[in-house]
Amino acid sequence: MKLTIKHQESYSRGQLLLRTFFGFIYIAIPHFFIWFFVGIWASILMFVAWWAVLFTARYPKGMFSFQVKCMNWLLRVQSSLMNLVDGYPAIGPNGTSDSVTLEVEYPEKLSRGLLLLRTFFGFLYVGIPHGFCLMFRGWATAIIAFLAWWAVLFTGKYPASWHAFNVGSYRWSTRVQLYMGFLTDQYPPFSGKE
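In this text, residue positions in the sequence shown follow the numbering used here: the first is 1, and each later residue adds one.
Among the hints, a few may not be true.
What the hints assert, rightly or not - DSSO-like, lysine-lysine: derived pairs with alpha carbons at most 30 Å apart:
hint, residue 1, residue 2
1, K61, K6
2, K69, K6
3, K193, K69
4, K109, K193
5, K61, K109
6, K193, K6
7, K6, K157
Stated by the list, open to error - FRET-style restraints, in silico, Cβ to Cβ:
hint, residue 1, residue 2, range
8, P189, L117, 11 to 21 Å
9, Y26, F146, 15 to 25 Å
10, F32, F146, 18 to 28 Å
11, I44, Q186, 17 to 27 Å
12, K6, F32, 20 to 30 Å
13, F136, I44, 28 to 38 Å
By construction, these hints were calculated from the structure, which means they are not laboratory data.
What you are looking at is a predicted structure, and each value in this text was computed from that prediction instead of being measured.
Virtual Cβ for every residue (Gly too), placed ideally from N, Cα, C.
Whole structure, please, built from the sequences with the hints as guidance.
Here it is as structure tokens:
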């Protein structure tokens with residue numbers, strides 16, 4: 001998996017203020033309204049794909065591509081709302097971005113045993129340890145995002161190390177989602193690094 005959220009040379013103070021005060025109205029509401037219906041379809045496809053992996057050890061390629069596109073869409077919206085990138089995020093799974101990209105290699109074969117293990121015990125060996133670590137990482141991310149908001153407001157710059165840390169938080173949680181969504185058999189590392 002490769003998640004890239006580009007760090008910009010400079011950030012727009014105007015867009016920062018617009019997103020802060022009106023982002024819920026013009027970004028969150030339209031995106032999540034549409035996502036509600038797309039998410040229902042994604043859940044149905046995930047259910048069908050679970051059975052396909054169980055019986056064939058393969059995730060249907062079209063369904064895999066759709067799930068990755070949906071994750072990419074949510075990452076575009078989250079990156080915008082967290083002020084990691086400027087610009088309006090493209091709506092829908094087929095939208096693209098020069099600033100936010102998620103690439104996931106299609107697995108030719110998946111383990112049926114791991115599928116069952118994740119389904120019945122994933123909350124124990126993935127959810128609890130990663131959830132515990134990500135909870136603290138999430139608090140740190142929120143604090144850094146708050147401080148970065150002020151840095152952008154006064155300087156027009158998002159400190160690169162802060163940006164890298166916050167992108168790492170998304171990278172880590174995305175790896176967990178990919179593993180628990182059986183899009184990969186690779187256990188997620190306890191790290192946000194590439």
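Do the hints match the structure? See the list:
The straight-line distance between the Cα atoms of K61 and K6 is roughly 28 Å, inside the 30 Å bound, and the hint therefore holds. Distance restraint check for K69 and K6: the Cα-Cα separation of roughly 18 Å lies within the 30 Å cut-off, and the hinted pair is therefore satisfied. Of the supplied pair hints, the one linking K193 and K69 holds, its CA atoms being roughly 22 Å apart against a limit of 30 Å. Simply put, K109 and K193 have alpha-carbon atoms about 26 Å apart, close enough for the 30 Å limit, and the pair holds.
With a C-alpha separation of about 11 Å, the suggested pair K61 and K109 falls inside the 30 Å cut-off, and the hint holds. For the given pair, K193 sits about 14 Å from K6 by alpha-carbon distance, which is consistent with the 30 Å threshold. Restraint check for K6 and K157: satisfied, since their Cα atoms lie roughly 13 Å apart, inside the 30 Å limit. Separated by about 18 Å at the C-beta atoms, P189 and L117 satisfy the suggested range of 11 to 21 Å.
Distance hint check: the CB atoms of Y26 and F146 are about 22 Å apart, consistent with the given range 15 to 25 Å. Taking the beta carbon of each, F32 and F146 are about 23 Å apart, inside 18 to 28 Å as hinted. A hinted range of 17 to 27 Å holds for the C-beta pair I44 and Q186, which are about 25 Å apart. At about 24 Å, the CB distance of K6 to F32 agrees with the hint of 20 to 30 Å.
Between F136 and I44 the beta carbon distance is about 34 Å. The supplied range of 28 to 38 Å therefore holds.
Violated hints: none; the structure is consistent with every hint.
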